[in-house]
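These two chains come separately, so use the hints to put the complex back together.
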Amino acid sequence: MANKKKKNLPPAAQRYQEFQKHREIKRPLLKNCVKAFFVGGFICFIGQVISTMYIYFFNFTEQTAGNPTVATLIFITMFLTGFGVYDHIGQFAGAGSTIPVTGFGNSVISAAIEHRSEGLILGVGGNMFKLAGPVIVYGVFSAFVIALIKTILTQWGGL
Amino acid sequence: MLKGHRTWIFEQQPVIISTGTVGGPFEANGRIPEAFDILHDDMWLKQSSFEKAQRTLMEEACQVAVKNSLIQKEQVQFFISGDLINQITPSNFAAKTLDVPYFGLFSACATSMESLALAAFIINGNGADYILSGTASHNAATEKQFRYPTEYGGQKPPTAQWTVTGAGCALVAKNGVGPKVTSATIGKVVDMGVTDPFNMGAAMAPAAVDTIEAHLQEMDVDASYYDLIITGDLGQIGQEVSLDMLQKKNINITEETYKDCGLTIYREDQPVFSGASGTASSAVATYGHYLQMLREKQLTRILVVATGALHSPLSVRQNDSIPCIAHAVSIEAGSDSS
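As given, the protein sequences belong to chains A and B, one line each in that order.
According to numbering that gives the first Met the number 0, the stretch in the first sequence is residues 0 to 158, in order.
According to numbering that gives the first Met the number 0, the stretch in the second sequence is residues 0 to 337, in order.
Chain B on its own, in the form it takes in the complex (with noise of 0.2 angstroms):
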């Protein structure tokens, strides 16, 4: 049901019955190793590329996420998923090896939520009765996208961000046991005219402001109506800056409730600058962490803000602006999970 302009309300609240985290070398050593079911040592996953180590990261994921439930990967009606890399082929090299109907979608790294959404949407409307929803990027796959190759010494500002790799993948449907998916806010495009790539979470701020303010306000809600609220890469910086944005637009937030899957995968001594990012940020550290917060009734309501810096290694050479987006998911812990 849609409620307000932009937020859907899933009366038939979609069950995550399940998750699958892979992780590679850097998160192993990171503050939650605990939240990733498989974990690399082993940059290249014994591929012969990082495109192809990133699309054995969201296979990996699938499986694992399908293994943990109780259905068969046959009973999967559709797979909904992208990443950062060109024409997000290593997710539609992951939806070959599937084998299921599949939905690419680019957000850069607000894919994880997109798809969620999109996930719970369909299910709500008895589209579907199992959807798998997930993303992967992989951190030398994307430097060598978006920015130098892997051994190049260049010194990045302490504003840059640390792209994870790994792949976050959920698995959704209309019953079961597990997490519940509630409600969902579609996010506007916001350009502020920030043009650094290297402060991606100065430009995504204003994005996860506008949706949080959006989503509450449709919701009619007040911020302390979730647990936490938790954005999806906005590291340090970015975090700063919307916490203040929001605060200025008297909404009832505090650091303790306002967290950062980019300040929660890795601990404070790795070198990541500001912080992670990455699509695999937000899907990680939720799927892998907060929901399992969530399983275990230390939660019991969480919105999820995925933001994602929508630009291209060419549109900032022509000296463009860096356009961002941000897409709300609500969570809560399910009634009689175990």
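Just chain A, same shape as in the assembly (with noise of 0.2 angstroms):
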């Protein structure tokens, strides 16, 4: 797609976009996957010694653990966001703390924090879930079409 949208540019914009490109500084690419890998995993490792704890004090089961374990970890995330810790570890992490719920949590609260001065109901209500929407609306739609793959091949595939 970029490159169609190149070629209907000017010939001197197609130059200048040449020229300009070698003097971009790249993103750190490597380096950004490592500390993505480790951040990411660090929080999945939290994520485990609370899933274990509510495993191992509170009566819950694997199935049962994931729920609370969730909660808290947005719990947590809460704090950090609110408190304005959040944002240094996104902008170290990348990915890493994007991609786990915590990162879905900050989206939220994000734009909650942001939007509080348009007031509680436009403002907090109308504009937290502009960044998680996305994750939401495309999350269940590829759930809906994952179970109608499995519903096919389960009832008609013989599987």
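Derived from the structure by calculation, the hints contain no laboratory data.
Ideal Cβ positions, reconstructed from N, Cα and C, are used throughout, including at glycine.
There could be a bad hint or two in this list.
[Unchecked claim] Residues from chain A that keep clear of chain B, each with C-beta distances beyond 12 angstroms, as calculated:
1. HIS21
2. ILE24
3. PHE44
4. VAL69
5. LEU79
6. VAL84
7. ASP86
8. GLN90
9. ILE120
10. GLY124
11. GLY138
12. ALA142
13. PHE143
14. ILE151
15. LEU152
16. GLY156
[To be verified] Going by beta-carbon spacing under 7 angstroms, a handful of chain A positions derived as facing chain B:
17. LEU8
18. ALA12
19. TYR15
20. GLN19
21. THR80
22. TYR85
23. GLY93
24. ASN105
25. SER109
26. ALA110
27. ILE112
In structure tokens, the structure reads:
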């Protein structure tokens, strides 16, 4: 798509884009991946500790410990976001702190804080899922598609 | 007087008799804290929203500029201002507080020099005796409008820039002591098809080059005529790209005489990525730092080229490119400045 768009540009603009591309500071991809791997892994490790704790101390099973674990992680994220720490973790870790459920929590909470000045209903309520909305929409949609495929395979596929 | 196609020469040489600059906590830790008349240690400035804080920044800069001069606020005939927030409301409210006839502008980060050029033009044509010209930006208010919520943990690329929290205001007068505004070149919108809003330096560089080239050509001077040519907020990438482009066009300009306000305000160890941006970037660096150098006679003649990216979050999402503009104003040290 990017190439197609470029072809529609006048030649001077195409030449300029070639010219400036060499000067652009590239994202340190490998470094970012390593950082994301370790920070993301560390968040999962904390999640695992919390989950084990719920199973060990509170009579949860491996199947049911998921929900309170997610809630606890999001609760911690709420504090980290509110105290202005999570955005610094995000800048450092990139996908490492965006992909886990804490990243989802951060996107909801940060939007809620940001739009507080516009009121509780239209401000907080209307904008809270501004960033998380796409995750919910496409999360639910892909779950539906997968469920459909699974149903077709088990019902008619004879699996 | 119009010279060439888009350059004004101000024969009456309007004078910047005083300036007012205000900054936030991040700017206080920067490279040029002495350039600010007021520094706040709180991003909120005791207001209930960042937009209101920006309004306060603008109001304070105007008040300081008037206070630093020998005139009363009632003598100011016009206020020319603009900013980055929707419908330039912080400027509108500041104009309400000032209670002065008002021109509202939008040229994104080029607003500072657009307003100075217009102020000088009006005074040169005997349209006024005193005009306040200035602009403000607020980091969090701009982030909210153009990017993500302040506390959102998204990772920014190294090409991103940091919006200045601050305001800069100049009081331009027909007579007085101070640096003189001698000419201005109005920019064209230049669009080289750059679509990445996290790389605005590269998007704006061609606009800066176009205006600088036009200015030098129409004024019929060499780049060495100016002690410094100062761009608004090109940042590291935009500055390198534009310097290369200027040198390719055989314009006699070197790294030493080509400065960028975006690289002036912050220290290198501050996490500002490619440099500062925002309407206040060129305003605070020019009015607070470079004008002081003119007053102290460290410099005699500068050309300030404020660059602006004229996109909106909507136009970016609809896959439009980023149209850019640059306005240039030349300022010279006053002959009898103290």
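Here's how the hints hold up against the structure:
no. : hint   : verdict
1   : HIS21  : violated (9 angstroms)
2   : ILE24  : violated (4 angstroms)
3   : PHE44  : holds (18 angstroms)
4   : VAL69  : holds (17 angstroms)
5   : LEU79  : violated (9 angstroms)
6   : VAL84  : violated (9 angstroms)
7   : ASP86  : violated (5 angstroms)
8   : GLN90  : violated (6 angstroms)
9   : ILE120 : holds (17 angstroms)
10  : GLY124 : holds (15 angstroms)
11  : GLY138 : holds (19 angstroms)
12  : ALA142 : holds (25 angstroms)
13  : PHE143 : holds (26 angstroms)
14  : ILE151 : holds (36 angstroms)
15  : LEU152 : holds (38 angstroms)
16  : GLY156 : holds (41 angstroms)
17  : LEU8   : holds (4 angstroms)
18  : ALA12  : holds (4 angstroms)
19  : TYR15  : holds (4 angstroms)
20  : GLN19  : holds (4 angstroms)
21  : THR80  : holds (5 angstroms)
22  : TYR85  : holds (5 angstroms)
23  : GLY93  : holds (4 angstroms)
24  : ASN105 : holds (5 angstroms)
25  : SER109 : holds (4 angstroms)
26  : ALA110 : holds (5 angstroms)
27  : ILE112 : holds (6 angstroms)
Of the numbered hints given earlier, the model fails hints 1, 2, 5, 6, 7, 8; all others are met.
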